[in-house]
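Novice: Sequence:
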Amino acid sequence: MQREKILVTSALPYANGPIHLGHLSGAYLPADIFVRYHRSKGSDILYVCGSDEHGVPITISADKEGVSPKEIIDRYHEANKKAFEKFDMSFDVYSRTSRPIHHETAQTFFKSYLEQKLLIEKKSFQFYDDKAQMFLPDRYVEGTCPKCGFEEARSDECENCGSLYDPSELIKPRSKISGEEPLLKETSHWYFPLGKFQDRLEKYVNESNEKYKWKDNVIQYCRGWFRDGLKDRAVTRDLDWGVKVPINGADGKVLYVWFEAVLGYISATKEFFKAKGNEDGWKDFWQDTSTRYIAFIGKDNTVFHTIIFPAMLMAWNDGNKEKYLLPENVPANEFLNFEGKKFSKSRGWGIDVSDFLELFPADSLRYTLASNLPENKDTDFHWKEFQAKNNSELADILGNFVNRTFVFARKHFGNKVPALGELQKIDSEMIDMIKEYPVKIGSLIENYKIKDAVLEMMNLARAANKYFNDTEPWVTIKSNKDKCGTTINVCVQIISTLAEVFGPVIPDASGKMFRMLNTNSAGWVNCGTIRLFEGHELGTPEILFSKVDDEIISEQINKLGVVEQVSYNEPMISYEEFSKIDLRTAVVLEAEKIKKSKKLLKLKVKTAGGERQIIAGIAEHYSPDELLNKSIVIVANLKPAKLMGLESQGMILAVENKDGELKILQTDDKIVPGAKVR
RNA sequence: GGCGAGGUAGCUCAGUCGGUUAGAGCAGUGGAAUCAUAAUCCACGUGUCGGGGGUUCGAAUCCCUCCCUCGCUACCA
Numbered sequence: 146m147q148r149e150k151i152l153v154t155s156a157l158p159y160a161n162g163p164i165h166l167g168h169l170s171g172a173y174l175p176a177d178i179f180v181r182y183h184r185s186k187g188s189d190i191l192y193v194c195g196s197d198e199h200g201v202p203i204t205i206s207a208d209k210e211g212v213s214p215k216e217i218i219d220r221y222h223e224a225n226k227k228a229f230e231k232f233d234m235s236f237d238v239y240s241r242t243s244r245p246i247h248h249e250t251a252q253t254f255f256k257s258y259l260e261q262k263l264l265i266e267k268k269s270f271q272f273y274d275d276k277a278q279m280f281l282p283d284r285y286v287e288g289t290c291p292k293c294g295f296e297e298a299r300s301d302e303c304e305n306c307g308s309l310y311d312p313s314e315l316i317k318p319r320s321k322i323s324g325e326e327p328l329l330k331e332t333s334h335w336y337f338p339l340g341k342f343q344d345r346l347e348k349y350v351n352e353s354n355e356k357y358k359w360k361d362n363v364i365q366y367c368r369g370w371f372r373d374g375l376k377d378r379a380v381t382r383d384l385d386w387g388v389k390v391p392i393n394g395a396d397g398k399v400l401y402v403w404f405e406a407v408l409g410y411i412s413a414t415k416e417f418f419k420a421k422g423n424e425d426g427w428k429d430f431w432q433d434t435s436t437r438y439i440a441f442i443g444k445d446n447t448v449f450h451t452i453i454f455p456a457m458l459m460a461w462n463d464g465n466k467e468k469y470l471l472p473e474n475v476p477a478n479e480f481l482n483f484e485g486k487k488f489s490k491s492r493g494w495g496i497d498v499s500d501f502l503e504l505f506p507a508d509s510l511r512y513t514l515a516s517n518l519p520e521n522k523d524t525d526f527h528w529k530e531f532q533a534k535n536n537s538e539l540a541d542i543l544g545n546f547v548n549r550t551f552v553f554a555r556k557h558f559g560n561k562v563p564a565l566g567e568l569q570k571i572d573s574e575m576i577d578m579i580k581e582y583p584v585k586i587g588s589l590i591e592n593y594k595i596k597d598a599v600l601e602m603m604n605l606a607r608a609a610n611k612y613f614n615d616t617e618p619w620v621t622i623k624s625n626k627d628k629c630g631t632t633i634n635v636c637v638q639i640i641s642t643l644a645e646v647f648g649p650v651i652p653d654a655s656g657k658m659f660r661m662l663n664t665n666s667a668g669w670v671n672c673g674t675i676r677l678f679e680g681h682e683l684g685t686p687e688i689l690f691s692k693v694d695d696e697i698i699s700e701q702i703n704k705l706g707v708v709e710q711v712s713y714n715e716p717m718i719s720y721e722e723f724s725k726i727d728l729r730t731a732v733v734l735e736a737e738k739i740k741k742s743k744k745l746l747k748l749k750v751k752t753a754g755g756e757r758q759i760i761a762g763i764a765e766h767y768s769p770d771e772l773l774n775k776s777i778v779i780v781a782n783l784k785p786a787k788l789m790g791l792e793s794q795g796m797i798l799a800v801e802n803k804d805g806e807l808k809i810l811q812t813d814d815k816i817v818p819g820a821k822v823r
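The first sequence maps to residues 146 to 823 in the numbering used here.
The hints are simulated quantities; they were obtained by calculation from the structure and are not laboratory data.
Heads up, a few of these hints could be off.
[To be verified] DSS-like mimics (lysine-lysine), calculated; alpha carbons at most 25 Å apart, straight line:
(1) 348 / 468
(2) 594 / 444
(3) 487 / 421
(4) 490 / 150
(5) 490 / 468
(6) 341 / 466
(7) 596 / 692
(8) 725 / 751
(9) 466 / 348
(10) 787 / 743
(11) 611 / 570
(12) 775 / 704
(13) 596 / 522
(14) 529 / 486
(15) 490 / 704
(16) 749 / 808
(17) 490 / 231
(18) 487 / 611
(19) 209 / 226
Please model the complete structure; the sequences and the hints are all you need to start from.
Specialist: In structure tokens:
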């Protein structure tokens, strides 16, 4: 039989923060299990990943910390790479998009599109901040709306009245970065005509679905995009952090990160083969029609992998002799939440991968996550459940079965495999099971039903315990040693099968099991056979999984929601600057909900200078009645703004707690309204 | 408000292109066993399948409507 050739990618994690458990559940662990299974099966499989290191958020983080973007990406690339290693991810290559080979690859694609005259160049005027020497993204420009007079309108769109206009019409524009008035400067960008590919993309998605049964959530998502109609997308930006646009005179322009990041898979593959001295080896995976390409991602990445990336590859294939493969399947997972809520670093909700693995072995985490993957819908990670899975499944069912078998073999059979004697019905049924389970589990993995596969793995261990119980070797050792030997022989074969089928999920424990058996993996297809014969010397038994105590779990639960101490590095202001802010007490006279608004309340307050109206975004935290007669603190000299067409003359002060709940600042009610806060 | 996803056993989740008494794991209760990490095995589920209405011989599954949760997004924390 010919070896299947498979290319697997996992979404490139963004090098702007540490990865957390949710990422692992979405795009990495399922892929790793799939890949390890195929390696065991003997497929010719290549697993590619790396850091995505360009884009605006990274430059913002860098500015905030006062360091270079390179420092940010180096930090998180290394951190995430190490975290993946600790988690026992088996990437063949973990590259990064800042490498020259990636820049070349991305530029080559761009140039090919240019040569094909596919890209559309559109000129437009955009605001340029002379002081900061940069083009300003829309949200960094404010001005007065030419239609309604709203003073905080964006450069080309007013949020207040909803009108769209040309940036040149904006009155009194100012840069949010330097505060200066930006100039309008002409710039041009290239657009990728996604719409031109819509028919072919729909065909591709539908046919792939028919042939390979795409997941329902992925299909629904694609249909949504098709229904709305695909539009041109800008592929370049005015920024200096990223892959330079490879054209003369395009200084200060880079490829938009959505355009180049997906190409990182190709660059990483090139890098892998180059390092092996096989310069063209990557083509064997990307451009050979016998290869299957599977792209594992989280649901947030769906459009990029089912629509944009395929369109880009189609576009390349239209103009070049060497043609790329499109993904055969894009098994996108939903999200993993943490104790019922979304992961949030800033709110101290969740745990980093590397912190977790300081406390517990990778296998325990891998098993727990794998048995509750968000394959159909968002799922939850609970510390209690982690403990239960580790203790009552890994340790008690699997670990204990292995242990009781080895201890028995050592005590009664000189640590050697006893002879397989005459088989009773119960023995042959068990032997049948170790043949059938790997087939069943393998087929589930191949259909991306990893969660079910993991359940079946543990079911084999359950069946093994039952077999041990029912054959009662502790009785037969006294009454019929041959029969007892048969039981232990079968149990040894079971352990060898367990080691193989559990290998993709808990590779470390699987390795230990093989060592204890004093043998190696025989490959998935052979793992259900009797392969350790009478007299085979066994290794030293050891405990596979230790239990997790209640204390350490409660400790972790108690830590939740406590925000880590971060270094305080907000910019300093002078006393003069502070004294410009006029904080005053105020009493709430009236409060009402604003129709059609979820967050806003309309307040009438009494403060210095009389009564005024304030629109406050606290409707989700306070009912109007609760606020009446409260003595609060407001910024009294804030420039008035219009929200939902209502004027807000000031802003109330509130603090946000770790759950994102708002608590307004209140004073003693004996304070007269209008008192100055200092 | 808009868009999307979801509401199934105490908990975490399967099942949903309509079809016999709605499932698994965990937890719980009772029992068996004592080789083993006090680990195993067996038995035990009266769940309004979020509420209501409709289509149908038949609905957890299809349609309508309402309620609730979550995510993204929009509007001053």
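Novice: Could you work out which earlier hints the structure fails to respect and list their numbers in ascending sequence?
Specialist: 3, 4, 5, 12, 18
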